[in-house]
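Sequence order for the protein chains is A and B. The letter at position 156 of the first sequence is residue 156 when you use the working numbering, and the numbering goes up by one with no holes. Just add 405 to wherever you are in the second sequence, counting from 1, and you've got the working numbering.
Because the hints were derived from the structure by calculation, they are not lab data. Nothing here was measured: the structure is a model prediction, and the numbers come from that model.
Keeping only pairs whose Cα atoms sit at most 30 Å apart, straight-line, the calculated DSS-like set for lysine-lysine is:
| hint | chain 1 | residue 1 | chain 2 | residue 2 |
| --- | --- | --- | --- | --- |
| 1 | B | Lys495 | B | Lys469 |
| 2 | B | Lys560 | B | Lys484 |
| 3 | B | Lys469 | B | Lys484 |
| 4 | A | Lys227 | B | Lys423 |
| 5 | B | Lys541 | B | Lys484 |
| 6 | B | Lys628 | A | Lys112 |
Covered by chain B, according to a simulated footprint, are these stretches of chain A (three or more residues, beta-carbon under 8 Å):
| hint | stretch |
| --- | --- |
| 7 | 266-280 |
| 8 | 377-384 |
Ranges of calculated distance between the beta carbons of each label pair, as one might list FRET restraints:
| hint | chain 1 | residue 1 | chain 2 | residue 2 | range |
| --- | --- | --- | --- | --- | --- |
| 9 | B | Gly678 | A | Tyr131 | 33 to 43 Å |
| 10 | A | Ser164 | B | Ile827 | 50 to 60 Å |
| 11 | A | Leu216 | B | Ile562 | 46 to 56 Å |
| 12 | A | Tyr131 | B | Met739 | 19 to 29 Å |
Glycine included, C-beta positions come from ideal geometry on N, C-alpha and C.
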Amino acid sequence: MTGMFASALTGFVWVALWHLVLTMTAILTMGAALPLALGPAALAGLVAGVFAGFQRPASSRNRRIAGIALIACLLFGFSLGAPFDPAGLLDVWQRVLLLVLASAAGWLSIEKTVGPATAGYMARYAAEEFYLRLLWGLGLMMFVLIVAVPFYVMVMTSLKSQQSLLINPLDLSIDYSLGVTRLLRSYIELFTDYGFMTLLINSAVVSVATVIITLLFSVPGAYAVAKLRFPGRQWLSGSVLLIYLIPAIILVIPLYAVFSQLGMRNSLFALCIVYPATTIPVAVYMLRGYFAGLPSDLDDAGLMDGLSRLQIITRIAMPLSMPAIASVALYVFMIAWNEFLFAFMFLDDVKLFTLSRGIVSLNSSEVPRQHLMAGAVIATAPVLFLFLWFERFLVSGLTAGSVKG
Amino acid sequence: MSRTSRSEFQGVLARREKRLAYLLLLPTFMLVLAIVLLPLVANFWISFKPVTLGDLRPPSLIIKEAARGTIAAPGDAFKIEYRFRNSSMKYPLAEASVRDTLPDGFTITALDPACDIISEAGARSIICTLGDLDAKARGKLVIEAVLRDPLKVSKDILKASKPETVFTAQNVMTSFDFTIENFEKVFSAAEFWNVLKTSIYYTVFGTAGALLFGLFAAQIMQKTFPGRSVIRGLLLFPYVAPVIAVAFSWVVLFDPFSGVVNAMLLQAGVAEGPINFFGQRKVDISVFGLTIEFPVALSMVILFEVWRYFPLSFLFILARMQSIPADIYEAAEMDGATPFQQFWFLSLPFIAGILAVLFLLRFIWTFNKFDDIFLLTGGNAGTRTLTVNVYEQAFAISNLGAGAAVAVVIFVFLLIFSIIFIRFSPKDAG
Chain A
1 MTGMFASALT
11 GFVWVALWHL
21 VLTMTAILTM
31 GAALPLALGP
41 AALAGLVAGV
51 FAGFQRPASS
61 RNRRIAGIAL
71 IACLLFGFSL
81 GAPFDPAGLL
91 DVWQRVLLLV
101 LASAAGWLSI
111 EKTVGPATAG
121 YMARYAAEEF
131 YLRLLWGLGL
141 MMFVLIVAVP
151 FYVMVMTSLK
161 SQQSLLINPL
171 DLSIDYSLGV
181 TRLLRSYIEL
191 FTDYGFMTLL
201 INSAVVSVAT
211 VIITLLFSVP
221 GAYAVAKLRF
231 PGRQWLSGSV
241 LLIYLIPAII
251 LVIPLYAVFS
261 QLGMRNSLFA
271 LCIVYPATTI
281 PVAVYMLRGY
291 FAGLPSDLDD
301 AGLMDGLSRL
311 QIITRIAMPL
321 SMPAIASVAL
331 YVFMIAWNEF
341 LFAFMFLDDV
351 KLFTLSRGIV
361 SLNSSEVPRQ
371 HLMAGAVIAT
381 APVLFLFLWF
391 ERFLVSGLTA
401 GSVKG
Chain B
406 MSRTSRSEFQ
416 GVLARREKRL
426 AYLLLLPTFM
436 LVLAIVLLPL
446 VANFWISFKP
456 VTLGDLRPPS
466 LIIKEAARGT
476 IAAPGDAFKI
486 EYRFRNSSMK
496 YPLAEASVRD
506 TLPDGFTITA
516 LDPACDIISE
526 AGARSIICTL
536 GDLDAKARGK
546 LVIEAVLRDP
556 LKVSKDILKA
566 SKPETVFTAQ
576 NVMTSFDFTI
586 ENFEKVFSAA
596 EFWNVLKTSI
606 YYTVFGTAGA
616 LLFGLFAAQI
626 MQKTFPGRSV
636 IRGLLLFPYV
646 APVIAVAFSW
656 VVLFDPFSGV
666 VNAMLLQAGV
676 AEGPINFFGQ
686 RKVDISVFGL
696 TIEFPVALSM
706 VILFEVWRYF
716 PLSFLFILAR
726 MQSIPADIYE
736 AAEMDGATPF
746 QQFWFLSLPF
756 IAGILAVLFL
766 LRFIWTFNKF
776 DDIFLLTGGN
786 AGTRTLTVNV
796 YEQAFAISNL
806 GAGAAVAVVI
816 FVFLLIFSII
826 FIRFSPKDAG
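Take these sequences, add in the hints, and give me the full structure.
And the structure:
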């Protein structure tokens with residue numbers, strides 16, 4: 001394979017792809033029904049790729065400007081002067097912006113992918129490096145898109161009105177002229193008509209209670225497994241995670257039956273018992289690893305100074321393992337906040353609904369879609385916020401200790 | 406200190422440590438026992454019982470009291486009626502009796518043969534023995550009376566004292582009433598094998614897909630580039646966000662009428678009409694004259710599973726890859742290994758352990774997954790897995806016993822997986 005072929009291929013793929021992505025972005029953000037015509041872009045990219053193949057190796061500013069200009073001209077020319085909207089639906093500045101973005105993104109991608117490769121024959125090493133660079137770029141683009149699009153649609157749909165969604169599902173643009181109250185109407189209605197404040201409070205109460213109970217139970221348990229010698233210790237630390245493999249769906253029928261007969265099924269209290277039982281084993285597993293890493297000399301010193309074991313836990317082990325406890329707490333909070341099955345099965349009373357349970361009841365033909373999506377945003381925002389705030393903690397806690405499904 | 410006393414002393418310490426350890430673990434153990442292990446056993450119990458959702462309300466004796474006739478002037482004759490019935494449609498009540506306090510101020514002229522009047526501390530009570538009542542049994546007890554003092558007796562006063570009931574009812578959950586009908590029903594249903602097949606497809610492809618995507622994402626994110634930490638955070642979103650939110654986003658995204666994807670496909674001219682991604686069982690695709698039935702909804706559900714759980718695999722694989730020493734790559738570079746060779750012969754063996762563990766864990770968790778499918782399709786359009794079937798049987802058809810029987814099937818599969826998992830899990834994986 002020659003470098004020329006590689007760079008032509010690169011140009012072909014990237015410019016067509018960027019054209020596609022930008023057209024879709026324009027459709028979704030501006031609400032214009034643009035056609036998806038990739039031919040001119042692919043052709044322009046091919047030529048630009050050949051140009052990139054000749055002009056190397058230095059990536060000077062001039063070359064970059066020349067490349068971007070070349071793609072822009074070619075796109076303009078091949079598409080007969082209307083690279084993005086032949087029907088003329090967009091403003092001039094929007095067309096110019098799209099053209100500049102497509103050219104710049106296309107050229108920079110080509111530059112990055114072609115890299116130091118030369119126009120002549122490529123050895124296996126160089127060829128593989130080239131393929132990896134291409135794959136890397138394409139993969140990155142794909143992952144960002146597949147993750148971002150559903151969330152983007154979720155947020156944007158929640159700001160639309162029922163009619164505009166039905167008239168043009170692709171128009172996810174924000175109409176700022178409506179004003180804040182009209183834009184956020186779904187949210188306001190959820191809080192005023194659907195009692196989302198109660199749902200939020202219920203979810204928060206259950207999640208916080210679950211965190212507290214889990215920590216109260218798992219900290220002493222994990223300390224015992226990590227630091228104390230007793231028969232069955234090995235077996236226990238191995239089997240604690242097996243609990244986690246037992247699916248909730250097997251437990252739900254007996255728990256439903258028993259809690260119903262005891263008359264405490266339809267209560268938040270029931271959830272506050274069930275959730276910790278499922279989170280404690282993981283918490284013990286995660287904390288055990290951290291406690292085991294604390295030097296035993298500290299415990300011994302504490303014992304010599306007359307502390308009881310419980311005091312050692314509260315005054316030595318816990319302050320030293322705050323990062324681990326914080327990550328367990330966050331993790332448990334997320335599990336409890338996101339939990340759906342038990343909340344769905346147990347709660348009948350609208351006043352006791354958690355967010356998960358409440359949003360399911362929004363999924364009906366009588367409730368408009370934007371309300372459902374607004375509910376989804378309300379449920380997602382707190383966890384995503386917590387996650388972004390404490391990401392470092394969580395990621396290290398997750399991978400160091402355990403896994404969750 | 407002599408040897409024996411010293412070892413005795415150590416023995417005391419060890420015993421104390423042991424006792425403390427058990428004490429610290431006791432709360433955890435009790436809770437897990439009550440909420441996880443006992444229900445697990447109870448599930449087996451229920452799976453052999455003819456229990457429906459309605460049986461959870463225990464049978465009881467229902468009494469309605471009514472006074473008939475006029476109660477106004479002394480000498481008025483009236484009747485007091487107690488209507489009773491067994492609330493259960495299936496189960497008898499044993500040793501049933503009713504007791505009610507009667508006010509003063511009237512004379513009883515005729516008493517139902519089942520009843521007696523007793524006086525205690527100046528208050529009159531009536532006790533009627535009903536004996537054993539069959540399911541749905543009902544009847545009436547009548548007392549005839551003549552009024553003496555209208556101030557002490559009225560319909561309201563009579564009603565004010567609520568009759569007390571005594572009976573022993575069989576609780577279906579605790580009775581020794583067993584059947585294997587549930588299992589017969591589960592296994593003989595034609596759809597059971599389809600459900601099992603769906604479950605296995607879903608699990609295998611979901612797990613493999615999530616793992617491959619995770620591996621790919623980890624390879625991409627291993628390279629340093631501007632904005633990497635932001636993108637790493639973004640890639641974890643599907644895993645962190647509540648299932649309810651992301652599942653419904655997908656439903657809205659792929660909606661046949663107001664969904665973005667369908668509108669986009671129509672716009673691009675790829676599809677002729679709207680595709681009901683989560684509602685269509687299968688579509689015929691002809692490739693070179695061969696017609697293949699492509700399961701649409703099932704593939705979508707698998708795709709969702711991959712999308713939601715690749716971040717987890719990604720995170721673990723990335724963590725493992727970053728712990729690989731850099732110098733082995735330098736050595737490989739010196740020896741002329743190409744990038745693919747480096748991946749194949751260096752990276753892959755290093756992450757093989759974590760891949761194996763992730764595969765088995767994800768396999769089990771995907772097999773156990775309920776929420777995702779339930780929220781996306783409700784188990785329709787060929788996406789009913791075993792877990793959704795548990796819900797279907799137990800709560801939609803309200804046959805708790807059959808649901809528990811399906812849960813037992815799940816548990817057996819799980820046991821097999823776990824044995825494989827323990828047998829083959831690499832020891833160094835973490």
